[in-house]
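Enquirer: Single-letter residue listing:
2 protein chains.
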Amino acid sequence: MMLQGKIIRSVLAAAGIMLVAAAGLPRPKVQRIGMVIGLKADKIEEYKSLHAGTNPGVRDLLRKYHIRNFSIYLRQFDDGGYYLFGYYEYMGSDYKTDLENLAEEERNLKWLTVTDPMQVPFSGEKGWALMPEIYHND
Amino acid sequence: MMLQGKIIRSVLAAAGIMLVAAAGLPRPKVQRIGMVIGLKADKIEEYKSLHAGTNPGVRDLLRKYHIRNFSIYLRQFDDGGYYLFGYYEYMGSDYKTDLENLAEEERNLKWLTVTDPMQVPFSGEKGWALMPEIYHND
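Heads up: the protein sequence lines correspond to chains L and H, in order. Under the numbering used here, the first residue of the first sequence carries the number 7, and numbering increases by one thereafter. Under the numbering used here, the first residue of the second sequence carries the number 7, and numbering increases by one thereafter.
Simulated from the structure, these hints should not be mistaken for lab results. One or more hints might be untrue.
Given that identical chains are not distinguished, each listed pair holds provided it fits within a single copy or across any two copies.
Below 25 Å or equal to it, Euclidean Cα-Cα: the simulated DSS-like pairs (lysine-lysine) are [unchecked claim]:
1. Lys70 x Lys35
2. Lys54 x Lys35
3. Lys70 x Lys49
4. Lys102 x Lys54
5. Lys116 x Lys35
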């Protein structure tokens with residue numbers, strides 16, 4: 007039983023190292039996206055309801071295509087206009103294909119027919135405008 | 007040796023379950039912060055240099071006070087103005103105290119004397135304006 011105990015302790019120690027390594031690993035490589043768009047003042051409450059935690063919306067589809075940790079913020083600017091800022095992390099391995107497949111999902115298309123008319127794209131944009139990242143600190 | 011093999015396999019299986027559990031755990035509870043501020047057009051390049059990955063800046067202090075996954079995005083709006091959007095995750099357990107302690111750090115105070123004059127706070131704000139989160143999907 008001495009030897010067994012020693013072996014078990016060794017295996018447990020190795021497992022412990024693995025656990026520490028797993029916990030201490032940097033997060034998987036992600037692509038961070040920041041984007042902005044206007045929001046019509048008379049659509050604020052409806053937009054907020056659609057995006058409330060109680061509405062499933064297209065949350066499952068975003069996850070299906072590896073779009074995670076997605077937040078949207080809303081703020082009135084000094085010009086009186088309302089702007090939405092979106093932030094998400096892409097955790098998959100083929101961003102282009104995933105976005106194309108998401109764009110073809112029936113429920114996503116339907117969702118956009120509801121939300122698109124509430125938004126005010128920037129000049130020259132059809133939807134959310136990408137914002138270049140100028141700083142990142144893990 | 008049969009019994010030892012069986013025990014080792016059991017321990018390894020348990021370690022495997024622990025590893026899966028560790029990998030599959032939701033991220034620790036975080037507080038997500040979204041904020042916005044203007045940036046003076048003639049300070050863009052200097053601001054970008056200060057925030058480049060090559061400049062240590064106050065990156066270590068942010069981490070010290072549990073401010074993680076911090077990104078800043080920059081975009082010109084249709085009114086011609088430039089705006090910075092900041093996003094970070096607070097991973098500590100006492101946000102108020104951590105922010106107060108960060109605010110008292112000598113190097114942070116010095117950093118702000120450089121960056122503050124480049125920024126244009128919103129009306130009624132002294133620095134970054136918080137943006138309420140209206141959507142989140144993990």
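Enquirer: Hint by hint, note whether the structure agrees.
Expert: Status of the hints after comparison with the structure:
| no. | hint | result |
| --- | --- | --- |
| 1 | Lys70 x Lys35 | both (18 Å within a copy, 23 Å between copies) |
| 2 | Lys54 x Lys35 | between (31 Å within a copy, 23 Å between copies) |
| 3 | Lys70 x Lys49 | neither (28 Å within a copy, 41 Å between copies) |
| 4 | Lys102 x Lys54 | neither (28 Å within a copy, 28 Å between copies) |
| 5 | Lys116 x Lys35 | neither (31 Å within a copy, 33 Å between copies) |
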